[in-house]
Structure formats: C-alpha cells, structure tokens
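Student: Line by line, the protein sequences are chains C and Z. Note that the working numbering gives residue 76 to position 76 of the first sequence, counting from 1, and the numbers run on in steps of one. Note that the working numbering gives residue 815 to position 588 of the second sequence, counting from 1, and the numbers run on in steps of one.
Check the hints yourself; a few may be wrong.
Stated by the list, open to error - Not everything, but these chain C residues come out facing chain Z in the computed CB check (under 8 Å): (1) R54; (2) D57; (3) A59; (4) T80.
Said to hold, decoys possible - Pair ranges (Cβ atoms, derived): (5) R692(Z) - D208(C): 51 to 57 Å; (6) L1041(Z) - R96(C): 41 to 47 Å; (7) R96(C) - V1053(Z): 45 to 51 Å.
FYI, nobody ran anything at the bench for these hints, they're computed from the structure. Where a beta carbon is used, it is the ideal one built from N, C-alpha and C, also for glycine.
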Amino acid sequence: MRALDGVSIDLAVGQFTAIMGPSGSGKSTLMHCLAALDTPSSGQVLIGDTDLSRLRDKALTALRRDEIGFVFQAFNLVPTLTARENILLPLSLAGRRPDQAWFDTVVDTIGLRDRLGHRPSEMSGGQQQRVACARALVSKPSIVFADEPTGNLDSTSGAEVLGFLRRSVDQFDQTIVMVTHDAVAASYCDRVVFLADGRVVDELVAPDRETILEHMTALQAVAAGPA
Amino acid sequence: MLRLTLRNLFARKVRLLMSGLSVILGVAFLSGVLVFSNGLSSTFDGIINGSTPDGVVRAVDTEEFEGGVSGQSDLTLSPAVVAALEDLPEVERADGDVLGFGMSLLASDGTLVGGTGAPTLAFNYHDAPNMAGGQALVLTSGSWPSGTDEIVLDDGAVEAGGYEVGDEVRLLAPFGQLDRTARLVGTAEFNGGGTAGATLLVFSTEAAQEIFLGGQEVFNRISLTAADGVTQRQLVAAASAVAPEGFEAVTGDQVAAESQDAVGSFLGVINTFLLVFAIIAVIVGGFIIVNTFSILVAQRTRELALLRALGAGRGQVTRSVLLEAFVLAVVATTAGIGLGLLLARSLAALFRSVGLDIAGDALDLTGGTVLTSYLVGIGVTMAAAYLPARRGAKVAPVAAMRDDATPERGSLRRRSLVGAVVLAIGAGFAVAGVAGAPGSDAAWIGVGAVLWILTIAAISSVVGRPVLVACRFVFARLFGTTGQLAAENALRDPRRTGATASALMIGLALVSTIGVLAASLNESVDDVVDEQFTADLLVQSSTFIPFSTEIGDAIEQVDGVGVVSRQQWAAARVDGGTGDDSVLVTGNDDAFDAIYDLDVVEGTQAVSGAEAVVSTDVAREMELAVGDPIELGFQGGRSLEMTVVGVVEGSEVTGEVSIPLEELARAGIRRQDTTISILVEPGANPATVRDAVDEAAASVPIVGVFDKQGFAEEIRGQVNQLLYIIYGLLALAIVIAVIGIVNTLGLSVIERTREIGLLRAVGMSRAKLRRMVTLESVAIAVLGAVLGMALGLVIGVLLQQALSEDLTSLGLPLGQLATFLAIAVVVGVLAAVVPAVRAARLNVLAAIATE
C-alpha cells in the first residue's frame, strides 16, 4: 500500500496553498515529505534547486532550520521557554542574530507583544498557535508548512490564526502550505489541492467555502463508493 | 487487575530493568557481605577448633597479653611438669608446646614473607590430637621436622618465599643468633583447612627450644589430652592441682572461645564496616525506586484515571502499583543474591591472592543470608514504591479526560517548611555535640548529620534551585540555547531532578565527610610528629613488633650517631583496673630524656629504679598523684611495685605508663627493642648517618628507619589506604546513583518525545540534542555533588570539632573536593550517553506524531 502514488505538485512562491482530502488520503505524508521531515521512497522534492532526497541529516536539519517554517496542530512550543524565546528558537539554534525590525513586525502582526515574557502554559491555545506562526515566520523561511494549525482551536481563535497566515502571504509575500480538512480554513487560501488514495485528484483556484465543500463531498462519495 | 499489572510490567521492561538494577546492586552488596563474613568466620572457627586441644596449661593472664606485640614472657614449664601431668589418671597425654613470637620468614630473595597483615606463628610439632580427636596440623607434602635444622612451612609461605621442599629456608630469629636457615622438609596446614593467611613455621621441639628458649629443655605451654570418659572440666580440675605457680589450666573450649572472641571482635569490625556500606547502597537504591515509580505513575496518570473512571477503587490502584513493585523486588532481589554470591567468591579469590585463604565451601548462601536479603530487598522496594502508589491512587477519574494530567502533589512550601524545622532539629543535635552534651559528641553530630542528609534529600527540589539556576547561567553562556534548554529541563520538574540528585548527594556527602576527617587526621599527624617526635631518626617495625637488641647495638657503633634511646613496650594491668583494660607500659632507657621533652604536669619525666611516670588519663582514671604507689601486673602473674614520680600529658612517644627499661626484665619480659630513637651528632651529615643506620637495620626487614617526614608519611600512608578503601566502597553507592540518573533521563526523554521532535523539526541538530540531554545530566550530577559536598564539609568540620582532642587540626581536602566535582561532571556525561543517543535517534516524524 502506498501512501502517495505518482504525486506531482508545484507550489508557487508567495501563494497560500491548502492540501485537502479525506482521512488516509496521504495529505499528511505529502506534507512531511515536502517539509523534509520524511523522505519519499522514490521521486524528488525540490526547494528552489535543492533536491531534498539527496541531503544527509545534518543538511536537512540546517534546511529545516533556515528554509522551512513549521506550525503543527498542537505541541508547537517548548514549555520551558517564554514566547519570545520560542519565537527566536530556530535563530538561536542556528546561532544567528534576529532581524529586530522583522521580529517587531511579526510580533505586532500576531498582536502578542505584551505576552512575550509568558510561558506556553500561561497562554490560551489560540495565542500559542499564533506564537508558533510567528516562530515559523521569523527566520524568513522559503516556505511555511502548517499541519492542521486550527484543528484544536475554537472558531474565533482559528480565524485569528488563519487571518495572520493570510496577511503574511499578502503583506510579506510568504509561501505557505497548509494541510486541513476544514473547508473554512481552506477558503483562506489561494489554491486548494485535493488528494485521494495518494493521488492528486482535483484543484481549485481562489475557492470559496461552498465550492470546497461540494468538491469534498464528491470526493468522499467516490472514496466510499467502491469500498 | 492482576493481569493488567503484569502486562504493565512487561510493557515497561527496560525502565523497570534500570530501576531493578539499583535493587540488584544494593542487595548484591548486602548478600555478598553476609556470605563473605559467614565464610570468614567459619574459616576461622574451623582453624581454631581444629588446632585446640582438650585443655592447656599456660601462663596466668596469657589471654589478655597475647599477641607478641607486648613482649614474650620468660616463664617456662619443665619436662617434670609434663611428666606429672601425664601421670594424672584424667590425662591421656600431655605434650610440651614451644610457642615463639617475633620470628620472620624471608623469601629466597631476602624480602619478608607475610609480615604486615596476618601473623607469623612459630611453634614445635607434636601429634597431640585436637578437641575433636583429630590432628591439629595436617601434612600436605614431605615429612614432619626433626633435629635442629629442619622446618615445615604452610603452602602459601612456600609459594610466597619461592621455595621448594629440600631448599634451605632463610629465617630471622627474635633473639640470639638472628640469621638462621633451616631445611624445608614438608608443608602443612591447619586441620580446619588452610591457614587464613597466617604464616606457619613448624619446628621440631628441640629446634624450637633452641631458638626461642635459649636451648633449655623447657616449654611455655602444655597441651592436654583427656583420657576416655573424662570431660574437659574434670581434666582441668585435675591439672590445676599440678600446674606450677604463675600457670593455670584451662579447658580447650575456653581457649577456643577466647580465640573466637579475639577473631570475632576483629571480624565484627570488618563486618560492621562492610555492612554499613551495604546499607548505604540499599538506601540509595531506595531513592531511585521512589523516583522511578513517581515518574512511572506520573506518566500513567491518564491510564490510572481511566481505571478509576471505570470503577477501580483507590485501594485497587495502590495495590496494582505495589504489586508491580513487589514483582520487581522479587526478581531483582533474586538476581541480587546470585550476584552477591559471585561477589563474595571473587572477594575471597582476591583475598586468596594476597594470602588470606578462605575455605571455598564456606562461601555459600545460608538460609539467614537469603532471608535477610529478601526482607531487605523487598522491604525497601515496597516501602519506596508506597508513596508514589498512594499518589497514583489520588488521581481523580476526571483526569482521564484532561490533556495535561499529572497527579496531585503536596505543596513544596509545606515540604520546605517541615524540612527547615527538621534541619533546625538536626542543627540542634550538632550544636549539642560540639558544645559537649553528655555522651559521645560524635554520636550527637552523627544523629544531626543523618537528619540533615535525609532532609536535604527530601527538600533538594527547593535547596537545589540556586545550583540549577547557576548551571543555567553557566550553560547558557557556554552552550547558548542548547545549554539553556538543558538547564530549563533540569529545572522543569524540581522534585524529579532533586530526587535523582539526592542519590548522588548521599554518596558525596559521605565521601566528603570522610575526606575532611582524613585530611584533618593527616594534618594532626603532621602536627604531632612535628611537635613530639624530636628524634632525628626512628627505628621500628610498622606493626610495632619488638625486635632483637642487636640492631640497636649495631646502630650505636655507627659514625655520626649521637644519642641512641631504646624503648620496649609491654602490656600490663594497673592495680584496681579490671582484667580487660590493660595499659601500654614503656620501658625507657636513660637516653630517652635527652631526646624527648614530655609535657610534665606534675613531678618529673625522668625515672629510675622503681619509679613510674603516668599519663594524665591514667592518673585521672586511677586517681594517682606524685608519690602514690602503683602496681603493674604482667603476664604470668608477675607484678612490679612502683612509685609515681611524675604525671605527663599523653604523648605518642611513650606509653601510658613509663618505667625504666631494666624494670621490664624484672617483670619477666624478655629483653627486646620496640623503638630506637636516634639523634645525629652535631656536624655529622644526616644523609650519610641515615644510610649507615639503614644498613645496620637492614638485616631485619620488618624494621624500618624513618626520619620525621618519613614517619609522618608512613602514618599518612596508612590513613590514606583506609581512605581509599572507604572511597572504593562508597563508589558502589555512586554507581547506583548514576543508574538513577540514567533512569530519570531515559524516562524524561520518553516523556518529552514530542518536544524533542519539535526541536528537531525547527532545526536542532542531533549533536545539539545529545548535548542538551548530556548537559541536563551534568546539571543533575553537579546538583547532587554540590549539595553532598556542602553537607559533607559541614558534617566533617563539626565532627573534627567534636573530636578535636585527637584531630587537633582541621584539614580541608580542597583538591579532593575539586576532583569530586570533576568526577560528578564526568558521571553526568557518562550517565547521559544512552539516553542522549536514544533521544537523538528518535525519528522526528514519529516523535511529533506521538500522542
């Protein structure tokens, strides 16, 4: 059984892309491969001109640190560090000095300047996710991967996080890929790619919520059909 | 519930194995010590019973003054006495014994065989049976000695000396002609098996009389064998009527009991000594059990809550955890007992290689050893698991639905408050000790110290914080974010860090206490030597065995030697004292006063004729003052009536009672020297004189020539030897503590799998991750070391204050403490190896996906 089979996908710079699909469609696997967390058994993943499948662990680590930003569904933050330290973690691991102006911009965009000294346990789930987003952006990565970033949040907090991601694409020309099965979340994106049984089956550009829902329902019907 | 418990055990084999290891090691040490000491005492019992006849006729008071250190009595028994005893109807046979002290065996290369440890026993051979009717000695090769130039040795001595049967064996006699040789005609051992390390020199009666009794046909003891149907009591009653004045008849049972007491008290010291360390190891192991189960319960909070939600009672949850502990304890204790047996056997092999042979068949598990080990192993484990088990049962069922479920814990504030109170109580004990409360000062401080160690262990999470914060500062400076994260991890769960560090803390507190005491002892020795040893050179044996006066005669002829003072030491009883407490009496020659200046409290230090000088201790105890008569009782019932002419402060250069050297001979002590003090002539080259004195003493290898510095070094060497043995024994407690750190780190890594995944995802390299885990481990180890050393320093200094009469100066082993800290860092690094590699190997994706 292959999680992904013959997937070919191009992600454009400065675009907010959503990957959608029913459970088991391979969307998480795709993202892990794209994000250098996992290596495909065959095929290539290119970021710019760099072929990820040919990099060793050390280089992959450096690549993750410098070129890729992550936002996970939960457990995004190191509990022993403050919000500021968490945001700056990738930079301090790399031994790089943060760009203060950029840091301020990012912090102001997430609107948590007054909470920078707090530890994750002193913040709400939405605030934690926004800190995670800030961390993903502060190293100016080529691409940010978000895995169900709003999966554990209520709709208000979710909207804040998605709004922030949207703004970073619009204002800072950031490239973002988000895995989700939430049509509302996907509607913030420029493009939605649908996966089923490890293949790309459909694609929408500048979608709205209803169109996405229709496509999802159709996919699920197809998926349920032959079984 | 039982099935669930067992399944839990199997599911966590590795973690339990680690905590089980601490129990295994502790129990192994305990059972090993028990097996070893059983073997040791049964070996000695076998030898004692196998070499003791039905009864003996011996000099009065022999038991108290036995050993040869205090000189040999010239009381003898004539063959007529032997004949008279043999004529008694109760006596089957009577055999004259010649027991000689102070003879040494030289190896074929001229070095000393044995000498420092076990005694060298010289005696005549006869075939009188032992109490059980068997032979006292068993020939293992060759034949028994006859004539004046044959000898039989034990196998160990033959091997150590590099001899073979038929060789000429080199001997050093205590009197008369010093250098002797004898032809080795056979080898023998005690009927009980082996010699327990003693060197046996067996001569014919004729040869023994020539060497030890000046060639007279006399004896210094008689072995009695009872006639058929005669009890030992009847035998002794009959023999007592015939025994001449100054001699007594005693039963073989009594002789054996006396020997067993003497050996027993010596073995008792060794056993207690070893047991103390075994107990420390077990206690440290207990700490690790507490910690492991705390972590396991914390990690299983949700599962336990689910059980509670499904209807399990609190008792059931507690019992489930305790049952896990029980199974662990049984398995670990069983393994520990097996390991202990191995440990005892290898220890015996080690002793055998240095000459102390312990009967191999005696090294077996007795019911008592097994029972004790199980009781201790299971008891400690269950007791240690009880608190975590109780805490686990307090988990509310609703916690099953929560995300961040951790069991409820008592407030740290209350704990530190209670801790502070107990610390103050401990301080109270210590102050009482220093201020001189009734009873032993050191015991008061000891109680305080135990309270402190346990309390600090309990509140290490609070008192250790500053150390960890300091670590964070240093690590962040040195290693940046990695260092900061490591220190933050150590600070994250202060209880866990504290409990893990406590195991190490206990070991290091003891090590540092001992270190301070040893350093103080060395300082004090230096001071005493500096102040009291005013001689330029000192000649004596390291074990204080008296030697022939010929050496002193030779030294007096050496060019450049000025004053030579000779001393002979003997044990005696001061009148009014009980039989047990004998005092050391020194016979000092006239030159003594020319070299040594004693601290005279009353009267004078010079003695002549029937005069004695006593130490302040003896004067106080016996209520003696200048002018009082003093009676000294010696071996064989002889006594000296003296007059006290002076009271002096106790000194290392003379005994508790000093009398003129010639007076000792009057008490029937054969003339030998114990110590020779030398002043070099003004203007003579000290190095040349020393070389010449060395040469004069070279014929007797048991004797050493020391200058002031060498003498202090000799004593310091003995102190340090003991110190290293103690360090070696405490090393086990530290090894167990290391296991605790490995365990905690391993569990923490598992617990933080997701976080580690996150760190790797945002760009932490494997190397940095390993470094992070290692630094956390170092932080824990440094915390344990710092707390332990601080505590050990305080306790050591207090003990030195309490013992300031003997430990006159305080020594701080700063170099050693720095070494301990360095070792702690190394320990931390080593403990982290496995957990760090495991953490680094975690698959990033799997780590993040872990639920």
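Student: Enumerate the violated hints, using their earlier numbering and listing them in ascending order.
Tutor: 1, 3 and 7
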